[in-house]
Structures are given as C-alpha cells and as structure tokens.
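A.B. asks: Sequence:
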Amino acid sequence: MGDVHQRKVATMVTTEEQPLIGTDGQIKLRKKTVVRKLYTWEEIPEWQKDNEHIHTGYVRETSSVMECIRSLFYLHNETVNIYSHLIPAIAFFSTIFFNKYVVPTYSTTTMIDYLIIDIFFLGAFSCLILSSTFHCLKSHSLRVAVFGNKLDYLGIVFLIVASMVSILYYGFHGNPWFFGIFSLITMTFGAACAVVSLKDTFRSREWRPYRAALFVIFGLSAVLPILAGLFKCLFNQIFNGRSQIESWEMDRLETLARMSKLLPILIENVWYIFPNLRNEHVESQAEALLNKKRLSLDELVNFPYDLGPVRNAIQLLGTPPLWLYPFSGPQDDGLHFQKNEESMIEDPNSLNDIILCLPWPPDSTKHLNSTSEHTSNVQIISEEGEQVIRIRTPDKKLSRSEWLNDWGESLEDFGVDVDIE
Numbered sequence: 001m002g003d004v005h006q007r008k009v010a011t012m013v014t015t016e017e018q019p020l021i022g023t024d025g026q027i028k029l030r031k032k033t034v035v036r037k038l039y040t041w042e043e044i045p046e047w048q049k050d051n052e053h054i055h056t057g058y059v060r061e062t063s064s065v066m067e068c069i070r071s072l073f074y075l076h077n078e079t080v081n082i083y084s085h086l087i088p089a090i091a092f093f094s095t096i097f098f099n100k101y102v103v104p105t106y107s108t109t110t111m112i113d114y115l116i117i118d119i120f121f122l123g124a125f126s127c128l129i130l131s132s133t134f135h136c137l138k139s140h141s142l143r144v145a146v147f148g149n150k151l152d153y154l155g156i157v158f159l160i161v162a163s164m165v166s167i168l169y170y171g172f173h174g175n176p177w178f179f180g181i182f183s184l185i186t187m188t189f190g191a192a193c194a195v196v197s198l199k200d201t202f203r204s205r206e207w208r209p210y211r212a213a214l215f216v217i218f219g220l221s222a223v224l225p226i227l228a229g230l231f232k233c234l235f236n237q238i239f240n241g242r243s244q245i246e247s248w249e250m251d252r253l254e255t256l257a258r259m260s261k262l263l264p265i266l267i268e269n270v271w272y273i274f275p276n277l278r279n280e281h282v283e284s285q286a287e288a289l290l291n292k293k294r295l296s297l298d299e300l301v302n303f304p305y306d307l308g309p310v311r312n313a314i315q316l317l318g319t320p321p322l323w324l325y326p327f328s329g330p331q332d333d334g335l336h337f338q339k340n341e342e343s344m345i346e347d348p349n350s351l352n353d354i355i356l357c358l359p360w361p362p363d364s365t366k367h368l369n370s371t372s373e374h375t376s377n378v379q380i381i382s383e384e385g386e387q388v389i390r391i392r393t394p395d396k397k398l399s400r401s402e403w404l405n406d407w408g409e410s411l412e413d414f415g416v417d418v419d420i421e
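Oh and the sequence shown: position 216 is 216 in the numbering used here, straight run, nothing missing.
Hint data in this document are derived by calculation from the structure and do not stem from the laboratory. Worth double-checking, as some hints may not be accurate.
Said to hold, decoys possible - Keeping only pairs whose Cα atoms sit at most 27 Å apart, straight-line, the calculated DSSO-like set for lysine-lysine is: (1) LYS339 to LYS232; (2) LYS49 to LYS150; (3) LYS150 to LYS100; (4) LYS261 to LYS292; (5) LYS293 to LYS261; (6) LYS37 to LYS49; (7) LYS199 to LYS49.
Stated by the list, open to error - The following label-pair restraints were derived from C-beta to C-beta distances: (8) THR201 to LYS232: 38 to 46 Å; (9) SER296 to LEU322: 33 to 41 Å; (10) ALA212 to PHE235: 32 to 40 Å.
Note that CB positions come from ideal geometry on N, CA and C, so glycine has one too.
Build the full structure now, drawing on both the sequences and the hints.
C.D. replies: Encoded structure:
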C-alpha cells in the first residue's frame with residue numbers, strides 16, 4: 001500500500017496495477033488510470049507557494065485554461081475566494097440593468113443620477129470579476145498568475161475611483177466646483193496607482209515601499225473632500241452664522257434673486273407685515289427698486305442671526321476658554337437667539353432698511369394672498385420682534401398626500417415613503 005500511495009501523489013495522472021483472477025485461473029494485472037486534482041504544499045511548484053500555513057488543497061500548475069475552469073466545480077484552496085467574488089459580481093452587474101426599476105424616481109431625478117449610480121455598480125463589478133478571474137486562473141502558470149495579480153490590483157483601483165466619484169457627486173451636489181476638483185484628484189491618483197500596478201518595474205523590491213506609499217496616499221485622499229465639507233459647514237457657521245440647512249435656504253433665495261422673482265415677493269411681504277409703514281414715499285422707492293436691473297443679494301436679504309465671526313463662534317462653541325473642554329457647549333437655551341443690528345428698523349422711510357428687517361426667511365409669506373376660505377384663519381403672533389404667521393386653521397387635518405410646501409413639493413419628493421411612514 002505504501003508503494004501505491006507513493007505513485008498516487010507523484011503526478012497528476014498515475015497508473016495503478018490491480019491483480020485480477022481470470023476465467024482460466026491465471027492472475028492478471030489490470031492497469032487503471034487515476035487523475036489527481038489536489039496536492040499538498042510539498043508537491044506544488046515553488047512559484048505557487050504563497051502561504052506555508054496552508055498544507056493541502058492546492059490545484060497544481062495546469063497550463064490549461066479549461067483545467068482552471070473545471071476547478072470551479074470541485075473544492076480547493078481558492079474556491080471560497082472565487083465564489084465570494086463571483087456571486088456578488090453577478091449581482092452588481094445585474095443591478096446596473098435593474099436599478100432604474102429599484103431606485104425610486106422623483107421629479108428632480110435625472111439620467112445623470114442613474115449614471116452615477118451605475119458607475120459605482122460598474123466599479124464594484126470590475127473589482128469583483130477581476131479578482132474572481134485571478135483566483136480561478138492563478139493555477140495556470142506563473143506568467144498568468146502574475147498578470148492576474150495585476151488585474152486584481154487594477155480592480156481595486158476601479159472600485160475606489162468609482163466609489164469616490166459617486167460619493168462626491170451626491171456629497172457636493174450643490175457645489176460642482178468641489179465635485180470637479182476632487183473627482184480630478186481621485187482619477188489622477190487612480191491612474192497613477194493603475195500604472196504602478198501594471199508596470200513590472202514598480203513590482204521590484206526596491207520600488208515596493210513607493211508603491212505602498214502611493215496606495216496609502218490614494219486612500220488618504222478621501223479625507224480631503226471630508227475636510228472641505230467640514231470647512232464649508234464651519235465657514236458658514238462662523239463667518240455667516242448659518243447652519244447648513246440655512247445656507248441651502250440662502251442658496252434658494254439667491255436663485256430667486258437671479259431670476260428677478262425675489263424682490264416682488266419681498267415688497268409684498270413688507271406691505272403685509274408692516275402695513276403702517278406704507279406711504280407714497282416708500283411706494284415710490286418700491287417702484288424704483290423694481291425698475292433697477294441689478295441688485296445684489298446683500299441688498300435684499302439679511303440673515304438676522306449673523307452676529308460676526310467672533311460672536312458666531314461663541315454662540316456655536318461657547319466661550320473660548322472652554323473650546324477644548326469636551327463637556328462644554330453653548331450657554332444659550334436653543335430657543336432664543338440674538339439678532340444683528342440690521343434686523344431692527346432704523347429708518348421707517350427707507351424701503352431697503354425695511355426689507356432687511358423682514359422675518360427669516362423673508363419670502364415665507366408669499367402665499368398669504370392666495371389663502372382659501374378653508375385657510376382664512378390668519379394669525380400674526382409677535383414676540384421680541386419675531387413674527388410667526390399661521391396661515392392654516394390649526395385643527396385642519398391633512399393626509400400625508402396633501403402635505404405640500406410653497407414650491408408644491410410633497411414628502412415623496414424628499415425620499416419619504418409615505419405609505420410606510
């Protein structure tokens with residue numbers, strides 16, 4: 001038996017002689033061909049020895065693509081590596097064709113939105129399919145294994161670039177400059193890492209630290225857009241006194257101003273909120289402003305809670321000596337906030353001054369004149385100079401499908417599943 005076992009592990013195809021007793025009583029030897037599929041660490045070529053802790057289950061060098069493909073149908077060392085990448089790859093590839101039916105569509109959804117999602121799925125598919133191909137064909141030969149390893153790294157680069165571009169598109173949806181700059185940085189580092197992965201020169205021992213450093217820098221470059229987003233939010237909060245949501249509100253007002261739709265709304269709100277200040281002199285100023293072609297947003301809109309960088313920082317972070325104290329925080333109650341001087345009317349005969357004193361947001365009452373008989377109970381509550389305007393009967397009950405904002409957008413337009421909520 002020892003000799004037979006030695007023959008079985010010697011080569012992939014072996015021949016065994018089995019004794020048989022013929023009909024004439026003579027002992028004959030029958031030859032039987034035995035094909036082996038798996039080998040031990042000691043039996044594989046030197047170039048296949050990658051992990052000395054794995055002793056068995058190796059597919060020996062085949063020099064045949066078909067033999068590598070056949071290895072998909074029996075268990076060996078690379079089976080888990082192959083299928084853990086191949087099955088998700090098929091799933092991601094299928095999602096490219098079905099995401100239009102799976103991802104909800106809203107009135108603001110464009111084909112570019114789906115294209116960006118497809119870029120991510122395509123990057124994930126490329127990474128997984130290249131990796132599974134490498135693990136399947138690595139037993140072919142040394143040349144194929146080296147090339148497959150390059151493709152494996154290239155797939156990782158594809159996934160990182162596709163993921164970053166997708167995140168940047170949605171993260172900086174309102175900042176195309178940031179999206180363009182950081183996407184260019186990501187693709188530049190991705191191209192450099194792709195070249196380093198494919199060129200044999202950079203695979204040598206002396207270039208290995210530089211290759212590793214480049215991949216580390218590529219990974220750390222993802223921190224740049226995060227820092228930019230944090231800086232943008234802090235900049236708005238410290239230098240403009242606005243939270244991110246309020247900065248979006250200011251962007252909306254800026255869009256209205258560019259379309260020459262903001263000023264008429266503001267003037268109508270002045271007449272409604274400050275009717276006692278309306279006179280011929282102020283009305284003549286209104287006509288002059290409406291005929292003026294160019295008006296900056298600063299001339300029309302004042303954010304009343306912008307107190308200046310120092311006071312904004314104190315209001316946000318508390319007193320400076322406590323900024324580094326982890327348990328400190330703002331001293332305000334979160335319900336009442338200081339206002340700047342521009343929010344107080346100094347000259348009741350100056351329309352510009354009155355417009356800058358409108359409650360925030362200054363165009364929030366633009367539908368007051370169109371209230372119906374069901375919403376005619378209009379109340380104006382004033383407290384410490386702040387006007388709260390109620391334009392709907394308090395006890396009026398609305399279904400979720402009837403919840404609309406001033407722009408006619410429903411909850412579904414903001415991604416809310418009304419049926420579930």
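A.B. asks: Evaluate each hint against the coordinates.
C.D. replies: Verification of the hints:
Annotation: proposed proximity of LYS339 to LYS232 holds, straight-line Cα distance about 23 Å (limit 27 Å). Of the supplied pair hints, the one linking LYS49 and LYS150 holds, its CA atoms being roughly 18 Å apart against a limit of 27 Å. Using a Cα cut-off of 27 Å, the hinted pair LYS150 and LYS100 is violated, with the two alpha carbons roughly 33 Å apart. Among the hinted pairs, LYS261 with LYS292 is consistent with the structure: their alpha-carbon atoms are about 13 Å apart, no more than 27 Å.
This hinted pair checks out: LYS293 and LYS261 have alpha carbons roughly 12 Å apart, not beyond 27 Å. For the hint pairing LYS37 with LYS49, the CA-to-CA distance comes to about 17 Å; that is within 27 Å, so the pair holds. Straight-line distance between C-alpha atoms of LYS199 and LYS49 comes to about 23 Å, which keeps the hinted pair within the 27 Å bound. For THR201 paired with LYS232, a C-beta distance near 41 Å keeps the hint of 38 to 46 Å intact.
In this structure the supplied range 33 to 41 Å holds for SER296 paired with LEU322, their Cβ-Cβ distance being about 38 Å. Range check, ALA212 to PHE235: Cβ separation about 35 Å, and the 32 to 40 Å hint holds.
Violated hint: 3 only; the structure is consistent with all others.
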